[in-house]
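Residue numbers (my numbering), protein chains in the order written: chain F, 1 to 338; chain H, 1001 to 1290.
Please keep in mind that the hints were generated in silico from the structure rather than gathered at the bench. Every value quoted in this text rests on a predicted model; they were computed, and no experiment measured them. Honestly, I wouldn't trust all of these hints.
What the hints assert, rightly or not - Result set (BS3-like, lysine-lysine): computed pairs, CA atoms no more than 27 Å apart in a straight line:
(1) H:K1252 x F:K30
(2) F:K30 x H:K1238
(3) H:K1252 x H:K1238
What the hints assert, rightly or not - Which chain H residues face chain F? A few, computed with CB under 10 Å, are given here:
(4) W1021
(5) R1210
(6) G1221
The C-beta atom is built at its ideal place from N, Cα and C for all residues, glycine as well.
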Amino acid sequence: MSARQATISDVETSGKRQALLGAGHVLLGKLGQALLTLWATVTLLFVAQAVLPGDRATIYLNVLEGYSVTRTPEELAPINREFGFDRPLLVQYADYVGGVLQGDLGTALQSRRPVTDLILEQIGATALLAVSAIVLAWLIALAWTLATAGRHPALSRIGATVEALAAGMPHYWLGLLLLLAFAVHLDWFPVVGGDSWRGLWLPALTLAIPLAGFLGQAIRGEYEHALGQPHVLSSRARGTDEWRVRVVHALRPALIPGITLTGWALGALVSGAVIVENVFSRPGIGALLVSAVELKEFELISGIILIVSLVYVLITFLTDWLYTLVDPRVSFERKGEA
Amino acid sequence: MPALKLSLPAGLAQGRLGQTWASLSRVPPLVWLSALLIAFTLWASIAPATLVAYDPLETDLANVLMPFTTEHWLGTDEIGRDLYSRLVHGARESFLIGLLAMLVAIVLALPLGFLGALAPRPVRHGVDRLIEILLGFPTLLVALLFVTLLGQDPLNVAIAVGIGSAPGYARLIRGQTLLVRNSAYVEAAVALGHTRAAILFRHIVPNAIRPLVPITGLGVGKAIVWSSSLSFLGLGVKPPSSEWGALLAAGKGQLLEAPWLLVVPGTAVVLVALSFSTLFHYLQARSEGA
């Protein structure tokens, strides 16, 4: 409910602003917003690193050697020189922003490899998992909505309950149950997923089921509302096939909140992917992140967060455009009036 | 006449009692069940020793990795510790972490949400953008960042999860505050010439905060799930503890031999989280008059 409220108010405010800007500037405005978001992200991440308790060179040496002791200035000096920890914060900040602009996210302390390389090596596996999960989630949510919504009240209620249950499932628990049932007992899928195609099914399903629950909750209300609208009644009166009525006339307008939610759910999807990759021993950002936290690799964690927000910004941009395809009343120029 | 006067309060009281009873009996069984489960968890966090027969750290090497038996209801782990005892003794930590995380989230979200709705225009827009930007960060990633910054112990896990989930609540509070600010009764108060402070504290704050009560309840369940997720990854509370996420982390090595070591604490988290959401969704619906 909160998601929908927010969307409505967002549409209203952006509608006002867009009316002021005029049609041609809307895309430019959105681009500016996206850039602002990314700049703020970089700054927030830098501040988080800068205010971290403890001396960074000390932490680095302690992590490298595996025990915590107080370090002498002689020990710290070369580290500070190598990573530039001793320069003024403003210089470090300018350096960081400059680096990010060139795609340089710093160097991982332990492996001494560029953070960008480390992330690029792993992001493919996670992206594949996330995209498969989104596709699966949409298929499940659409099938479930068409099968249970706008039918007998009892069936509809069961459908909604199942959606709420699915949406609330913790990923690790769902993953464990699927793993135990389909990999250990039935032996349909490998226990250790690896990066095989057969190993992708269970992790993708684990991510997809809660997402499908969320999507279903968003679609159901709009779908049932649309079924009672005059245009549905009139197309039924014209003798249109029931499936056509449901899919074309009722389902299509109901997709909008689902699309909004998919963009918004990306964050939840990344969080979920980290856990799912851990459950199924899949390569990807998750494994990288866990090792980064264990080793206190701030550059690596910040880099991952930065890449994720970049993707998030892109997806938000994309969903805005997707609206126009689904609902002809919505266009970039007059989204607020739709 | 006097007799009537005397009997009226009594009759009223009876009527009220009857009403209370009638409204209580309308409460769906699922909500009762949820309340019962939360009560049990609360009891377990206050006085765990009254609910179990074994010490949570007592090892029994004759009964190692036992599945469910009458002696050990939920089985034993690799050194024969009773899983049910450990679960009950872990409730306090899981529960407190969830509660504290929610508190941190609300404390951070309240000023952001209020500023985003009530501050002068430029501040408001700045805060709005900030909330939107923070919403783009995945909760788990932010929590992991702060666990890294602060160190991995139960208190820091709670703080990290609180920070991670704060933006969502900030947005919620902002929306709620905007709704109240634009309401007719606030407009009326402005028209009547009440001072800004009076309007803020007598009308806007109480009405913006009231819906937060059920939302906070819902959030505790979610916070328990997040913090147990951190522990599950091995990045939160560490295994000697019997916090539910730590139990999961400890059980990971025995997935094939003793799956119940993972399934039981996982199910406990799910049931408690579901109970919180069922109970507080119901209360939310009731308070909105649905």
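What are the numbers of the hints the structure violates, in ascending order?
-> Violated hints: 1, 2, 4, 5; rest satisfied.
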